[in-house]
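Chain order of the listed sequences is L and B.
Residue numbering for the first sequence follows the working numbering, beginning at 1 and increasing consecutively.
Residue numbering for the second sequence follows the working numbering, beginning at 1 and increasing consecutively.
Derived by calculation from the structure, the hints in this document are not laboratory data.
Keep in mind that a hint or two might mislead.
Copies of the same chain look alike in the list, so a pair counts if it fits in one copy or across any two.
Lysine to any residue pairs mimicking SDA-like chemistry, simulated, CA-CA at most 20 Å apart [to be verified]:
#, residue 1, residue 2
1, 5, 221
2, 181, 83
3, 61, 16
4, 5, 251
5, 181, 105
6, 61, 263
7, 13, 265
There are 2 protein chains.
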Amino acid sequence: VKEIKSHKSFFGKTSFFEHESTSTQTPMKFAVFCPPESVETKGGLIWLSGLTCNEENFITKAGAQKYLSELGLVLICPDTSPRGLDLENEHQDYDFGSGAGFYLDALTPAYSQHYRMHQYITEELYGIFNQKFSLKNNIGIFGHSMGGHGALVLALQHSNLFASVSAFSPIVNPCLAPWGKKAFSGYLGDDESLWAKWDTCELLKQGKKHPQEILISQGLADEFLEEQLLTKNFEEAAEQASQNHQVEYCEGYDHSYYFIASFVEQHLMHHARILSQVK
Amino acid sequence: VKEIKSHKSFFGKTSFFEHESTSTQTPMKFAVFCPPESVETKGGLIWLSGLTCNEENFITKAGAQKYLSELGLVLICPDTSPRGLDLENEHQDYDFGSGAGFYLDALTPAYSQHYRMHQYITEELYGIFNQKFSLKNNIGIFGHSMGGHGALVLALQHSNLFASVSAFSPIVNPCLAPWGKKAFSGYLGDDESLWAKWDTCELLKQGKKHPQEILISQGLADEFLEEQLLTKNFEEAAEQASQNHQVEYCEGYDHSYYFIASFVEQHLMHHARILSQVK
């Protein structure tokens with residue numbers, strides 16, 4: 001793992017790294033914020049970004065460092081897909097291929113070798129993060145849009161790995177959303193029975209639960225709410241499954257980082273509360 | 001003035017505008033943050049960005065909205081130069097021409113018609129801002145690097161227009177710095193006697209003063225400190241001139257937006273304190 005650059009910020013450090021991933025068989029980049037040494041580390045957080053993003057978006061735009069620094073939380077932000085490849089249709093659309101890994105392990109011949117973001121996050125990146133910062137598995141996960149989908153799916157699949165979970169504007173039911181259908185067809189193939197394990201609502205229906213409250217913030221002026229995000233389906237599935245959850249609808253807010261920045265303090269407090277208890 | 005897009009943020013609104021400027025004879029863009037209507041407006045702030053930046057950098061990266069919203073300050077961020085032209089050498093270097101207007105009125109034949117950022121900021125943009133938000137000239141100015149230079153020079157030249165002033169990592173003595181020499185030669189010509197009115201240290205030596213304390217934050221790990229920024233020259237000139245000032249050197253911080261974000265709250269408090277008094 002090689003450090004590319006590092007900037008002091010909020011008495012801590014924002015840094016960028018690159019490493020050769022065995023999961024994706026490509027180089028992968030990630031960003032880290034590390035609170036000042038004077039603050040006791042409460043735990044770690046993995047942030048998963050949305051479509052078209054990379055490891056930089058959240059750490060430059062969300063204004064999280066102030067709170068991470070005060071709360072004693074280490075943050076790691078991976079990229080959203082492998083890079084540097086030239087697979088079939090990989091660079092054609094914003095919502096498939098590069099910048100759109102969907103945090104799953106692909107099955108189709110064209111993608112199965114490299115598009116293994118689930119494995120990359122839950123095994124490789126998790127391991128590096130856990131070890132480098134001595135986190136003792138006291139790690140939460142959150143994300144935005146496609147990354148909100150990733151955070152929810154990974155936390156339900158691996159509630160032993162992720163002590164806390166939250167999401168901004170997540171794609172909660174990708175099996176029924178155009179973005180999800182396109183991604184799942186391309187990465188998993190046409191057998192829809194193989195899609196369910198990558199869908200939050202389906203996982204809840206199958207009995208997967210998370211021991212802690214799932215926090216979701218959703219803007220009511222979000223242009224993708226009705227067609228792609230389907231937040232109501234999550235509420236129904238979570239109620240059916242008796243999954244502890246809180247969905248906050250935010251009047252007037254859209255799908256952008258201006259929305260995330262406005263409520264990031266609340267999400268970080270949610271994680272800090274749980275990660276402090278666990279510890 | 002045409003609104004391009006708008007995002008609710010921190011209960012207020014971050015918006016982007018475009019208009020036909022009579023000063024630069026080009027279209028110009030700017031960003032605005034407007035606090036929620038429930039908060040009483042204390043005053044307005046003009047932010048001037050540095051080399052290579054445009055109207056977006058500060059408003060997406062600095063994390064200022066939270067404080068502006070709480071303090072009741074309206075913010076406007078102009079672009080750093082005219083755009084859409086093709087003047088001699090205009091797009092060759094990052095430190096001259098587009099993205100590098102230096103907040104002056106050019107005199108050289110190639111640039112004098114369009115590169116009039118001083119006039120644009122102090123007359124046209126100031127007028128739009130003052131009127132649109134009923135600010136009654138209760139306006140402060142601040143900026144970063146080239147924009148820190150702009151904020152200091154404009155506030156010293158027009159202390160009647162700018163009630164408060166501060167700067168991050170400003171170019172305080174451009175007549176003696178490579179960035180300044182290159183810009184001033186290209187925009188003003190070889191007669192160095194014409195440069196002094198665009199140089200903070202020279203203005204102080206000539207007796208220009210600002211009635212309020214000038215706040216400067218400067219990172220000690222800033223890669224441009226020794227050669228380009230020359231902060232010590234400001235301290236000397238301000239002391240000689242009995243200009244009330246506070247220069248904060250920040251251990252370990254560099255020239256980036258991670259530095260700005262870390263201390264933006266302090267700068268906004270400085271402006272809010274003065275603008276509240278004035279009002």
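Practice item. Indicate which option fits the pair residue 181, residue 105 if close means a Cα-Cα distance not exceeding 20 Å: within, between, both or neither. Key: within (15 Å within a copy, 55 Å between copies)
Review point. How do residue 181 and residue 83 come out at 20 Å by Cα distance, when the copy is not named: within, between, both, or neither?
Key: This pair counts as neither: shortest intra-copy Cα distance 22 Å, inter-copy 41 Å.
Practice item. Evaluate residue 5 and residue 251 at a C-alpha cut-off of 20 Å and name the case that applies: within, between, both or neither. Key: This pair counts as between: shortest inter-copy Cα distance 18 Å, intra-copy 38 Å.
Check your understanding: Between residue 5 and residue 221, at a C-alpha cutoff of 20 Å, which is it: within one copy, between copies, both, or neither?
Key -> Classified as between; 13 Å across copies, 37 Å inside a copy.
Review point. Given identical chains, is residue 61 near residue 16, meaning Cα to Cα at most 20 Å, within a copy, between copies, both, or neither?
Key: both (15 Å within a copy, 17 Å between copies)
**Study point:** Copy assignment of residue 13 with residue 265, given that the CA separation must stay at most 20 Å
**Key:** both (19 Å within a copy, 18 Å between copies)
**Study point:** Copy assignment of residue 61 with residue 263, given that the CA separation must stay at most 20 Å
**Key:** Cα proximity of residue 61 and residue 263: in one copy and across copies (13 Å, 16 Å).
Violation of the numbered hints given earlier is confined to hint 2; every other hint is satisfied by the structure.
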